[in-house]
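Asker: Sequence:
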Amino acid sequence: SNGSSDRRPKMLDKIRHQSPMPERRNYSKEKEDERRDCKVRNYSPQAFKFFMEQHVENVLKSYKQRLFRRMQLEKEMSKIGLSAEAQCQMRKMLSQKESNYIRLKRAKMDKSMFTKIKPIGVGAFGEVTLVKKIDTSHLYAMKTLRKADVLKRNQVAHVKAERDILAEADNEWVVKLYYSFQDKDNLYFVMDYIPGGDLMSLLIKLGIFEENLARFYIAELTCAVESVHKMGFIHRDIKPDNILIDRDGHIKLTDFGLCTGFRWTHNSKYYQRNDHGRQDSMDPVDGEWGAMGECRCYQLKPLERRRRREHQRCLAHSLVGTPNYIAPEVLQRTGYTQLCDWWSVGVILYEMLVGSPPFLAPTPAETQLKVINWESTLHVPDAANLSPESKDLILQLCSGQDTRLGKDANEVQNHPFLKGIDFDKGLRNQVAPYIPRIEYPTDTSNFDPIDPDKLRNSGSSDSNKSDSELLDNGKTFHGFFEFTFRRFFDDGYTSKINLDDNDNQGPVYV
Numbered sequence: 001s002n003g004s005s006d007r008r009p010k011m012l013d014k015i016r017h018q019s020p021m022p023e024r025r026n027y028s029k030e031k032e033d034e035r036r037d038c039k040v041r042n043y044s045p046q047a048f049k050f051f052m053e054q055h056v057e058n059v060l061k062s063y064k065q066r067l068f069r070r071m072q073l074e075k076e077m078s079k080i081g082l083s084a085e086a087q088c089q090m091r092k093m094l095s096q097k098e099s100n101y102i103r104l105k106r107a108k109m110d111k112s113m114f115t116k117i118k119p120i121g122v123g124a125f126g127e128v129t130l131v132k133k134i135d136t137s138h139l140y141a142m143k144t145l146r147k148a149d150v151l152k153r154n155q156v157a158h159v160k161a162e163r164d165i166l167a168e169a170d171n172e173w174v175v176k177l178y179y180s181f182q183d184k185d186n187l188y189f190v191m192d193y194i195p196g197g198d199l200m201s202l203l204i205k206l207g208i209f210e211e212n213l214a215r216f217y218i219a220e221l222t223c224a225v226e227s228v229h230k231m232g233f234i235h236r237d238i239k240p241d242n243i244l245i246d247r248d249g250h251i252k253l254t255d256f257g258l259c260t261g262f263r264w265t266h267n268s269k270y271y272q273r274n275d276h277g278r279q280d281s282m283d284p285v286d287g288e289w290g291a292m293g294e295c296r297c298y299q300l301k302p303l304e305r306r307r308r309r310e311h312q313r314c315l316a317h318s319l320v321g322t323p324n325y326i327a328p329e330v331l332q333r334t335g336y337t338q339l340c341d342w343w344s345v346g347v348i349l350y351e352m353l354v355g356s357p358p359f360l361a362p363t364p365a366e367t368q369l370k371v372i373n374w375e376s377t378l379h380v381p382d383a384a385n386l387s388p389e390s391k392d393l394i395l396q397l398c399s400g401q402d403t404r405l406g407k408d409a410n411e412v413q414n415h416p417f418l419k420g421i422d423f424d425k426g427l428r429n430q431v432a433p434y435i436p437r438i439e440y441p442t443d444t445s446n447f448d449p450i451d452p453d454k455l456r457n458s459g460s461s462d463s464n465k466s467d468s469e470l471l472d473n474g475k476t477f478h479g480f481f482e483f484t485f486r487r488f489f490d491d492g493y494t495s496k497i498n499l500d501d502n503d504n505q506g507p508v509y510v
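Here UniProt numbering is used: the first residue of the sequence shown is 1, the next is one more, and so on.
Hints may contain errors.
Straight-line alpha carbon distances no greater than 25 Å define the calculated DSS-like cross-link-like pairs of lysine-lysine that follow [to be verified]:
| id | residue 1 | residue 2 |
| --- | --- | --- |
| 1 | Lys111 | Lys230 |
| 2 | Lys108 | Lys132 |
| 3 | Lys79 | Lys64 |
| 4 | Lys116 | Lys176 |
| 5 | Lys105 | Lys133 |
| 6 | Lys61 | Lys132 |
| 7 | Lys64 | Lys176 |
| 8 | Lys176 | Lys132 |
| 9 | Lys75 | Lys49 |
| 10 | Lys97 | Lys61 |
| 11 | Lys49 | Lys105 |
| 12 | Lys105 | Lys64 |
| 13 | Lys407 | Lys230 |
| 14 | Lys49 | Lys79 |
| 15 | Lys176 | Lys105 |
| 16 | Lys64 | Lys108 |
| 17 | Lys75 | Lys92 |
| 18 | Lys176 | Lys419 |
| 19 | Lys108 | Lys97 |
None of these hints come from the bench; they were simulated from the model.
All chains, full assembly: derive it from the sequences and hints.
Answerer: Structure representation (structure tokens):
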């Protein structure tokens, strides 16, 4: 016993740590403060509250989406009668896929992951470019928005709304968003590349549509509008420029910059940096609607105007666009519902069949006035030779909210003008009356040529303003939190069974 007691102190003296403790560097007080400044960002309590509310909301969304994907897998496996062993294997594959995406959504994305091929669009707040993802060689359309411009024009809420609807949309009528991310200066949306151009380009090319072609596009547009409304959103800016045509001749909606879902994150007041200059997207910015120069194309005859490509784009590319397609209740802010989108459908039908919008005027301000006074300014010319059914649909869509057609999509789809359209079989399964010509995968010939002078030079002196623009009294602006998004891809586990794409490609938020 004495021997064992002699050995006990030696056991306690055992060295447990072989690695020496790292030496702590002694910095001066100034240097230590500088190091802390590099790691600690100066956010306001409002910014922290804003971040946490969005973060918790998105964590809950991610959880619900995982549950939904699991339920969909169980539903499909039960439908096709997989064996117990096969079902177990599929559950493991889904679990592995979910784990992979939890890791993927932590990975930082940047524009260096894509190769630019050609610009295909330019607007007031950014450009759209055809790009190729380097690791997969997949083609996408990348929309780039400059943060300083978004902030200057108080468009943060609308950018957030656009990101939300594109992330949540997973149907055949809306352009699919695959990634969204940001860097110091810009916001990026990486979406489906739709090579057939937009409806405005086709209007320019054809001048006036035959009724059968107009009927087809209006039928598809009713389905597209319905899909947006079912998600709880209102587009508010449906116009030919925002209707894309895919390689098979079917349409997809894009550009949800004025879309709203009436969510708190879509309300501009949550992004205000002071008490001045609060402004809705429908406001003319800096007097633009009244101060814009007159459109020289207004005095031309309708068919001559239609041949003038610059006339069709000059207002669409302006800072605030044109109120030609916006419902009067939206312009007047008298309270609006999803009915405002059906007004836009009526205006588009008019333009297809007549050759020009019904409220065309030299300036956007005058157009707005004509829209507001639609009861006295809306006329369907006899010279257009419209059928009674098409004229009636236009007048029922472009009417007061109380009498407007569109309490639901079925009301519009059951109108006599759309008689003969088989909505039950699925319009996208039918052959479109117009198929765009596409020679090769990167063909952009269906889009208007881009004026090089309009393209933003990212290396210009203006880019240096972003840091100061993004600061509010020395604090980093908080409006772009929780912007990053990565879609949950179908990368294998459903390839062995017949799952519907719409059922399993749910979004993943980060």
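Asker: All hints are to be evaluated individually against the structure, with a verdict given for each.
Answerer: So, going through the hints one by one against the coordinates:
no.: 1; hint: Lys111 <-> Lys230; in the structure: 33 Å, violated
no.: 2; hint: Lys108 <-> Lys132; in the structure: 18 Å, holds
no.: 3; hint: Lys79 <-> Lys64; in the structure: 22 Å, holds
no.: 4; hint: Lys116 <-> Lys176; in the structure: 19 Å, holds
no.: 5; hint: Lys105 <-> Lys133; in the structure: 17 Å, holds
no.: 6; hint: Lys61 <-> Lys132; in the structure: 30 Å, violated
no.: 7; hint: Lys64 <-> Lys176; in the structure: 20 Å, holds
no.: 8; hint: Lys176 <-> Lys132; in the structure: 16 Å, holds
no.: 9; hint: Lys75 <-> Lys49; in the structure: 39 Å, violated
no.: 10; hint: Lys97 <-> Lys61; in the structure: 18 Å, holds
no.: 11; hint: Lys49 <-> Lys105; in the structure: 23 Å, holds
no.: 12; hint: Lys105 <-> Lys64; in the structure: 17 Å, holds
no.: 13; hint: Lys407 <-> Lys230; in the structure: 13 Å, holds
no.: 14; hint: Lys49 <-> Lys79; in the structure: 45 Å, violated
no.: 15; hint: Lys176 <-> Lys105; in the structure: 18 Å, holds
no.: 16; hint: Lys64 <-> Lys108; in the structure: 24 Å, holds
no.: 17; hint: Lys75 <-> Lys92; in the structure: 16 Å, holds
no.: 18; hint: Lys176 <-> Lys419; in the structure: 30 Å, violated
no.: 19; hint: Lys108 <-> Lys97; in the structure: 19 Å, holds
The structure fails hints 1, 6, 9, 14, 18 (numbered hints given earlier, in ascending order).
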